[in-house]
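*Asks:* Residue-level listing of the chains:
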Amino acid sequence: MKTPATREAAAAALLERCSDARLAEPGVKNYLTVRLASPKDLLAAARLLKGELGFGYLEMITAVDWLGPMKLEGLVSSRNPNPFTDKLPGPPVPPAAGAGAPYRPVLDLLWSFGNLRDGVKVFLRLEVPRDHPEVPSLAGEFAAADWQEREVYDLLGVRFAGHPNLTKILTPDFINGHPLRKDYAHEKDSYDGD
Amino acid sequence: MNGPAAPAVKRTGIMLSATRYWPTEIWKSPWSLPRYRAGAAWLAGILLGICAVGAAAGELSAWGGRLLALLESTGLPAYATAWIWLLFKLACVIGVIVANGLWAVWWERKISAHMQSRFGPMYAGGFHGWAQTIFDTIKLLLKEDVTPAAADRVMHALAPVIAIAPCVMAFAPVLFGTDLAAANLDIGVLYVFAFAGVSVIGVVMAGWASGNKYSLLGGLRAAAQIVSYELPRGFSVVPVLMFAGSLDLAVIDRAQAGYWLGFLPRWFIFYPVVGQLSFLFFLIASVAETNRTPFDIPEAESELVAGFHTEFSGMKWSLFFLTEYGYVLLSSFLLAVFFLGGGAAPLPGLGFIPSWIWMTGKAMLMMFVFLWFRWTFPRLRVDQLMDFNWKFLLPWCFANIGLAGLILYLLGTR
Amino acid sequence: METDRLIASEPGPELESDTMFINMGPQHPSTHGVLRLGLTLSGEVIKRAAPDVGYLHRGTEKLMETRSWSQCVVLTDRWDYCSAMTSNLAFSLAVEKLLGAEAPPRAQALRVIMCELNRIASHLIFLGTYGIDIGALTPFLYAFREREMILDLYERCCGARLTYNYIRPGGVAADVDEGWIAKCREFLEYLKPRLDEYDALLSFNPIFLARTRDIGLISAETAVHWGLSGPNLRGSGVAYDVRKAEPYCGYENYDFEVPVGRTGSCWDRYFCRVQEMRQSARIVAAALASLPPGELRTKAVPRVVKPAAGEAYAHVEASRGDLGILAVSDGGAAPFRVHVKAPCFINLAILQEILVGKKVADVVAVMGSIDIVLGEVDR
Chain E
8 MKTPATREAA AAALLERCSD ARLAEPGVKN YLTVRLASPK DLLAAARLLK GELGFGYLEM
68 ITAVDWLGPM KLEGLVSSRN PNPFTDKLPG PPVPPAAGAG APYRPVLDLL WSFGNLRDGV
128 KVFLRLEVPR DHPEVPSLAG EFAAADWQER EVYDLLGVRF AGHPNLTKIL TPDFINGHPL
188 RKDYAHEKDS YDGD
Chain C
2 MNGPAAPAVK RTGIMLSATR YWPTEIWKSP WSLPRYRAGA AWLAGILLGI CAVGAAAGEL
62 SAWGGRLLAL LESTGLPAYA TAWIWLLFKL ACVIGVIVAN GLWAVWWERK ISAHMQSRFG
122 PMYAGGFHGW AQTIFDTIKL LLKEDVTPAA ADRVMHALAP VIAIAPCVMA FAPVLFGTDL
182 AAANLDIGVL YVFAFAGVSV IGVVMAGWAS GNKYSLLGGL RAAAQIVSYE LPRGFSVVPV
242 LMFAGSLDLA VIDRAQAGYW LGFLPRWFIF YPVVGQLSFL FFLIASVAET NRTPFDIPEA
302 ESELVAGFHT EFSGMKWSLF FLTEYGYVLL SSFLLAVFFL GGGAAPLPGL GFIPSWIWMT
362 GKAMLMMFVF LWFRWTFPRL RVDQLMDFNW KFLLPWCFAN IGLAGLILYL LGTR
Chain U
87 METDRLIASE PGPELESDTM FINMGPQHPS THGVLRLGLT LSGEVIKRAA PDVGYLHRGT
147 EKLMETRSWS QCVVLTDRWD YCSAMTSNLA FSLAVEKLLG AEAPPRAQAL RVIMCELNRI
207 ASHLIFLGTY GIDIGALTPF LYAFREREMI LDLYERCCGA RLTYNYIRPG GVAADVDEGW
267 IAKCREFLEY LKPRLDEYDA LLSFNPIFLA RTRDIGLISA ETAVHWGLSG PNLRGSGVAY
327 DVRKAEPYCG YENYDFEVPV GRTGSCWDRY FCRVQEMRQS ARIVAAALAS LPPGELRTKA
387 VPRVVKPAAG EAYAHVEASR GDLGILAVSD GGAAPFRVHV KAPCFINLAI LQEILVGKKV
447 ADVVAVMGSI DIVLGEVDR
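Chains as they are written, first to last, in this note's numbering: chain E, 8 to 201; chain C, 2 to 415; chain U, 87 to 465.
Any given hint could be a false lead.
Chain C is nowhere near these chain U residues, computed Cβ spacing over 12 angstroms in every case [stated by the list, open to error]:
(1) S305
(2) A375
(3) A395
(4) A451
Here are the simulated BS3-like pairs of lysine-lysine, each with C-alpha atoms no more than 30 angstroms apart in a straight line [as the list claims (entries may be wrong)]:
(5) U:K385 x U:K148
(6) E:K36 x U:K148
(7) E:K175 x U:K330
(8) U:K385 x E:K57
(9) C:K392 x U:K444
(10) U:K133 x U:K385
(11) C:K140 x C:K111
(12) U:K444 x E:K36
These aren't lab readings, by the way, just hints derived from the structure by calculation.
Where a beta carbon is used, it is the ideal one built from N, C-alpha and C, also for glycine.
Chain E extracted, bound-state conformation (with noise of 0.2 angstroms):
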């Protein structure tokens, strides 16, 4: 009876308690999307999705770089017969006009909650600048963005602030740089052959 009502009212709910958060247009497709404004925000949003509204369930933790279309001198492809590159990542390159995408020196982070009861889910999203990517943690709140918050940091190098354990997760210790960055470069390791 209250399914068709959750998600509107918990977005309703989030623009009240939120200042300046705003229903993001266009969001993830089918799903209500709330973009907040800072990340001084998000404790609190998720602390009342969890507690209020019921959401709580967090199914995912993601982010996306807008830097602009990937550059593949690093990487192996079809384009670049010598795939690996001694170069560091150079510094960010300025934002490319694209074709309707809306690139940004920014990381837009995303998380996804879930109300299990009512099988609904609300996206929070923050964007937060590339040099200098910081959002508290949600570690405490909920379980499940402990390994999330990891891949997050490892692979886009965002800081999850008062994570009890933000170390590298899925790539290996001797890795540089953050690989779904669109400016990574991939440094020449024992790995690379000769």
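Put chains C and U on the given structure of chain E with help from the hints.
*Replies:* Okay, now just chains C and U, sitting in the frame of chain E:
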């Protein structure tokens, strides 16, 4: 494209799924398959052949007597005769253990395969892979013997020896047929149990000396388990000893000859309640003693990789293997002697088949039970294993002894 | 930034003298792949457990950014290689959502059939390997015998036995014929008594029950807290199934139940999967009975997929949980960003909490019941 023309690809086969049997097709009735019927006929033929050979050969103990007489007639001094005779018997016992290793491994592979809808070894030697374990032995002999750097070299080399030596010694009084034993000891039961318990030292040494944490855990588990299950194993036989009135295996064997009502053999397993309970307890404790599933926690391969013999390879490893199968054989023969009438025929009128055929057949039946357990049961956890021993098995063994005493009192036989 | 691993290779100062640090994996018979568990033991009791993943990390999310949308489907096969169809489906649904397209009815039904068959195949692997974890070696071969028939069905339909690349954006790759449908029905008939046989052989075996019944308890709150999904969540009594909550591919038209456990023990998770196999067989039978005719691919998905800029999230009930794909397009021929919400990865994290206080033998029981595939954990 001006090189030589590529050879035309010739597709001779069709896709696998079109040719492969589905289990639904195989399983409708196995007897409808000629191969299945032929296999059953082979099996029956082999069994009949063994019986025929046995009937023609007669009692092996008589052959032994004749051989001893021949040896004495050569005029050698008495001590030389005794030594030669001793060495001959020792060779026979070791031969039995080694041959059993070859046979049991092949048999276990076959049994497990047929339980798991596989074939098992089919190629080596031609007929159903009969030579598989022989070739495996050659492979093991030729294999590099690795001693880990962290291992204690002396202990590591000594452990398999200490494991297998008591196994060979324990076989001394074991009956392979009526009056067919290497040594005739009047405390045979005690002797067997005493020596079978010594092997655990080799296992603990192996676990400790390997320098591997998994081995260490396996060795410690083995120590706890084997020492614990010695008790129910010993106490479960006490009713048998009470019925037979002796610790001598030959006496126990002879006490089960004859039939009640003309057809029911006087085996100890057929003694009401007590016999069956003793049999069960002894079987369970024996499975635990031989470290086989569901009590194979010392070498639990899903937890401890291979337990105490993780770091052993080549012949050292196969000595452990031989020990395990040796103890399975020992337990099987003990089960046959204690409960299944030893060399006695199961029905009157079958006495023309000699006792060693019956004894071996019963032991093989018991061995099949061991293998059957292994491929059917999951594994217990170490604390559950101990709980089962101390809280269930041992008390009921004592209760069973009391029950045996009650029966003896009521029957007034002793 | 501190980049030390969670697991110290050598005992740190916090270790007492009577504890032992033991490395379970990455080469170990029952870590189901290249998982490493750092266990701190006191005797046989676990004081601290730290799963270490990443040994199979191939960077598929990054690789996808260099490939066209339709080439990416091949990479999805390599995540959960025991259940590649559901990964195909999740990715295809995300792309279709981006394009605003929908697969034709016959393709939808075929997707349901293939995914449910794959769920059966995947759970059969689980059943077999879980039996081995507990020490029962025989059910493994039985389970693989049945799985082999599913693989034969797949081979006959799409040519591949493990990595199918069958479900693609816009539809499916190949059609099934009458012979295939007959074989599939035959398989379903064959499977039912086999599942009863597994129950007799394994599920209700007293030793198996003793090893799994009160072990690895996860309460419903804990399960939600850790974000578990799939049978691990349902084993704790939370009846959440994406097929019911957000039906896709016409799952709302099929009549099936969502089995849930009571206590959240290893056995509950195990038996949820066994029951799911029965339900999946039911769904496949229903889908076969009502397989509509028609084309296999929608015209709305062109040969060169170039979705307009936007983001779409699609998730499916994969064999091991809720598999979600976030696909971000910038209007180019390759994905701008693909994120995989991998259920195995999230389910695995709970090990560090529930293993503490258990015995070494229970590690295997608990880890097996979580049912991970390292290809999906590490991606």
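*Asks:* For each hint, tell me whether it holds in the structure or not.
*Replies:* Hints, one by one, checked against the model:
A cut-off of 12 angstroms between C-beta atoms confirms that S305 (chain U) is not in contact with chain C; the least separation is 23 angstroms. In this structure A375 (chain U) is separated from chain C by more than 12 angstroms, as the shortest Cβ-Cβ distance comes to about 20 angstroms. With a closest Cβ-Cβ approach of about 44 angstroms to chain C, A395 (chain U) is found to remain outside the 12 angstroms limit, as its non-interface label requires. Under the 12 angstroms C-beta cut-off, the non-interface status given to A451 (chain U) relative to chain C is violated; the minimum distance is some 8 angstroms.
Annotation: proposed proximity of K385 (chain U) to K148 (chain U) holds, straight-line Cα distance about 29 angstroms (limit 30 angstroms). Under the criterion of a C-alpha separation no larger than 30 angstroms, the hint pairing K36 (chain E) with K148 (chain U) is consistent with the structure, at around 22 angstroms. A distance of roughly 36 angstroms separates the Cα atoms of K175 (chain E) and K330 (chain U); the hinted pair therefore is violated under the 30 angstroms criterion. Proximity of K385 (chain U) to K57 (chain E) is assessed by CA-CA distance (about 43 angstroms); at most 30 angstroms being required, the pair is judged violated.
For the hint pairing K392 (chain C) with K444 (chain U), the CA-to-CA distance comes to about 22 angstroms; that is within 30 angstroms, so the pair holds. For the given pair, K133 (chain U) sits about 58 angstroms from K385 (chain U) by alpha-carbon distance, which is inconsistent with the 30 angstroms threshold. Restraint check: the Cα-Cα separation between K140 (chain C) and K111 (chain C) comes to about 20 angstroms, which is no more than 30 angstroms; the hinted pair holds. The hinted pair formed by K444 (chain U) and K36 (chain E) fails the criterion: a straight-line CA distance of about 44 angstroms is larger than 30 angstroms.
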